[in-house]
Amino acid sequence: MIAQFLYGGAGILLFALGLWSLLVHAPLLRKLIALNIMGAGVFHVFIAIAHRGDALPPDPVPHALVLTGIVVAVSATALALALNSRLEQGENEPEPASSPSPGPRIHMQPALSTEPSSKGATHP
Numbered sequence: 001m002i003a004q005f006l007y008g009g010a011g012i013l014l015f016a017l018g019l020w021s022l023l024v025h026a027p028l029l030r031k032l033i034a035l036n037i038m039g040a041g042v043f044h045v046f047i048a049i050a051h052r053g054d055a056l057p058p059d060p061v062p063h064a065l066v067l068t069g070i071v072v073a074v075s076a077t078a079l080a081l082a083l084n085s086r087l088e089q090g091e092n093e094p095e096p097a098s099s100p101s102p103g104p105r106i107h108m109q110p111a112l113s114t115e116p117s118s119k120g121a122t123h124p
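Sequence positions in the sequence shown follow our numbering and run 1 to 124.
Derived by calculation from the structure, the hints in this document are not laboratory data.
The structure presented is a predicted model; accordingly, all values stated were derived computationally and were not measured.
Among the hints, erroneous ones may be present.
Listed next, with one range per pair, are the computed distances between beta-carbon atoms [what the hints assert, rightly or not]: (1) L79 with R105: 29 to 37 Å; (2) L67 with R105: 46 to 54 Å; (3) L67 with I33: 16 to 24 Å; (4) I2 with A78: 35 to 43 Å; (5) P27 with I106: 41 to 49 Å; (6) F5 with Q89: 17 to 25 Å; (7) A111 with L22: 17 to 25 Å; (8) V61 with A26: 34 to 42 Å; (9) Q4 with N84: 31 to 39 Å; (10) G90 with P110: 37 to 45 Å.
Ideal placement from N, C-alpha and C gives every residue a C-beta, glycine not left out.
Assemble the whole structure, with the sequences as input and the hints as a guide.
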């Protein structure tokens, strides 16, 4: 029973720490780390909820949710890191010239003729 409260309390503390960090820090990378800390807190609380006492085995549904959540969190973190990297690359590039763009260039191919050609074809 004490382990359940320790896991639940640690989860609540992790979530609160992540929320504080999310609200206080400005850089996107720190906000991403804060979101991951908040997710770890939620996972701890789910594991604490799954405990049903010493006589019964833990509930498997919260464990399955935590495993699925870990996979989703890793994927979302990878996507966010890639987007953050692209955003930082765009900030380091010089500004383009202020002249207006002529617009996209469209290359048109001549239409094929459906009429039979008499060039080169001689009939006796």
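A quick look at each hint next to the structure:
Look at L79 against R105: about 33 Å separates their beta carbons, and that is inside 29 to 37 Å. The hinted range of 46 to 54 Å is satisfied by L67 and R105, whose Cβ atoms lie roughly 51 Å apart. The hinted window of 16 to 24 Å between L67 and I33 holds, with their beta carbons roughly 22 Å apart. At about 37 Å, the CB distance of I2 to A78 agrees with the hint of 35 to 43 Å.
Remark: the range hint 41 to 49 Å for P27 to I106 is upheld by a beta-carbon distance near 42 Å. At about 46 Å, the beta-carbon gap between F5 and Q89 misses the expected band of 17 to 25 Å. The hinted range of 17 to 25 Å is not satisfied by A111 and L22, whose Cβ atoms lie roughly 59 Å apart. Our hint of 34 to 42 Å for V61 and A26 holds, since their Cβ atoms are close to 38 Å apart.
Against the hinted window of 31 to 39 Å, the Cβ-Cβ separation of Q4 and N84 comes to about 37 Å, which satisfies the hint. About 40 Å separates the C-beta atoms of G90 and P110, a value consistent with the hinted range of 37 to 45 Å.
Hints 6 and 7 from the list above are not met by this structure, while the remaining hints are.
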